[in-house]
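Chains as they are written, first to last, in the numbering used here: chain L, 630 to 1101; chain C, 698 to 757.
What the hints contain is simulated information worked out from the structure, not anything from laboratory work.
Be aware that one or more of the hints could be misleading.
Straight-line distance between alpha carbons at most 30 Å, and here's what the computed DSSO-like set of lysine-lysine pairs gives [said to hold, decoys possible]:
1. L:Lys-891 x L:Lys-659
2. L:Lys-659 x C:Lys-731
3. L:Lys-1087 x L:Lys-719
4. C:Lys-700 x C:Lys-731
5. L:Lys-811 x C:Lys-731
6. L:Lys-811 x L:Lys-735
7. L:Lys-735 x L:Lys-891
8. C:Lys-700 x L:Lys-662
9. L:Lys-662 x L:Lys-719
10. L:Lys-811 x L:Lys-657
11. C:Lys-700 x L:Lys-811
12. L:Lys-976 x L:Lys-997
None of the values given here were measured: they were computed from a predicted structure.
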Amino acid sequence: MSEQPKASLNQQLDAINDYERQPVPEHKTKGFKDFLALVAGEHIAGTEFVIGPLFVLHGASATDVVLGLLFGNILATLSWTFICAPLAVKTRLTLFYQLERICGYKLVSIFNALSGLQAVAFAAFMAVVSAGAIGLVAGLDTPGFTQMLPNGPSWIILVSVLVALITIIAIQGIDWVSRFAKISTPWMPWVFLSAGIATLPQLGVNSISDFWSVANTTIWTGTPAPGMAKYGLWHILFFSWLCNTAMHIGLSDTFIYRYARKSYYGLASIAGMFIGHFMAWISSGILCAAALRSGIADPTPGQVASIGAGLAGVICVVIAGWTTANPTLYRAGLAVQGIFPNTKRWKITAWLGVLAAVIASFPGVVSKLDSLLAWFALIAAPVGAIVVLEVYVFDRLHLERDYSHKRNGIVNWAVAATWVGALAICWLLYEWWDLDFFFFMAIPGWFIAAFLYIIFSKVMQRSPTTVQLSRV
Amino acid sequence: MRKALILAGYIGLTLTALPAFLVFAGRLSFDQYKALMIGGAVLWFSTAPFFIDKKTKSPR
Chain L
630 MSEQPKASLN QQLDAINDYE RQPVPEHKTK GFKDFLALVA GEHIAGTEFV IGPLFVLHGA
690 SATDVVLGLL FGNILATLSW TFICAPLAVK TRLTLFYQLE RICGYKLVSI FNALSGLQAV
750 AFAAFMAVVS AGAIGLVAGL DTPGFTQMLP NGPSWIILVS VLVALITIIA IQGIDWVSRF
810 AKISTPWMPW VFLSAGIATL PQLGVNSISD FWSVANTTIW TGTPAPGMAK YGLWHILFFS
870 WLCNTAMHIG LSDTFIYRYA RKSYYGLASI AGMFIGHFMA WISSGILCAA ALRSGIADPT
930 PGQVASIGAG LAGVICVVIA GWTTANPTLY RAGLAVQGIF PNTKRWKITA WLGVLAAVIA
990 SFPGVVSKLD SLLAWFALIA APVGAIVVLE VYVFDRLHLE RDYSHKRNGI VNWAVAATWV
1050 GALAICWLLY EWWDLDFFFF MAIPGWFIAA FLYIIFSKVM QRSPTTVQLS RV
Chain C
698 MRKALILAGY IGLTLTALPA FLVFAGRLSF DQYKALMIGG AVLWFSTAPF FIDKKTKSPR
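Using the sequences and the hints, build the whole thing.
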């Protein structure tokens, strides 16, 4: 029992100084081990039970999956190590605050709204994944995740109850949520690993030497499921590199890495990548193949995990979904509150919970997870390029940094034009080159945005009004 | 007491990690493996809350 009267959660949250609008002081920085644990836990989520099977259903070959994940995850780690973490350590500011200084409150609000929406959709995905697993144990007739419409009121009630629980916790219990995540993180990777290994004999792998031939003929056969586009090496490589675009080259992980004592701590992301996005994706791919082999044409994560680890697998799906959904909805509330600072965060989070419940009512949205991540990668990449230029290049080009901050928060139209222009050019190139995967455009989008931002900033900062203001 | 809880927790993790390799080696049935996985989960989640993240309660 607590000896002191407990402050309300809002008071507790208000009391926390998270340095949202100032650099993190040196004495508050943390060591390498803290980052290792943090990012390892962050990248083991319920979605891993969705993404691994996606590669199987999209007809990737075993070579595509292993090489694609190997190089993609190395590139993702390098993106954190050489772009995100060094910038975060140099400025020790959050992305949102840096952007606000550069482009002004109005523009950053649009980015906040998009970030919030993406987080709500992600929380809804997690609720769908957890509901599928609970429905399996409870004997409910749960819909497949390629089925867009709910199959009855029981599904809608189940996801609504789950989202309500997630919302209540996101509103009230972030401390409890983070502690729960810390407790489950050491256990979850072992469930993924065990499920994959124990299922291998069912697929005909009885020794290590059998694995590669079975992987090619039974697991990642190279033939997509009906209605699914074909994925190859480049799809897997770019997906594993850029599914976290918003976090690394989009710089939203500056929120975490601004606390890093040294800039090389971005290397800690290797733990998250190779446990969550290599081992877990390969493992859940194996489980998906076992599900397909047992006659389940459209396996849900609950079914996939149940085949590999029984009830423990189902519990893992629910916990992994929950530990991801709670902080995600909490962050969505914070992001949207940035737009409506006079509205209480709990009210905003509650409304976002309602939106998440509506999205989660449509189970097929989960099969669109890769598309959503790709869209957000395209939206986030130009933002990262703009901030990188401001921090590292603008002084050398004799361009003025923090344009909006020095002019009472006026809209920086160079940022607006860069953002819209980069997205438009990416879309045109995507159509022109007849590509089938939005992730292919995230890196070009980053460089296009960098080029446009220099041009637009040169033009804007040479205008007479700007020169006059600069002299004041 | 704390050491006993930590030991029990790690036995829970071992029960989660080890049986799969025994199934692969053909020394354990799949049903036994699933039962051990549940046992491991129960053991981990009933002990870990008592020793994970307990050091952080230092006064600010």
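- Tell me, in ascending order, the numbers of any earlier hints that this structure violates. 2, 6, 7
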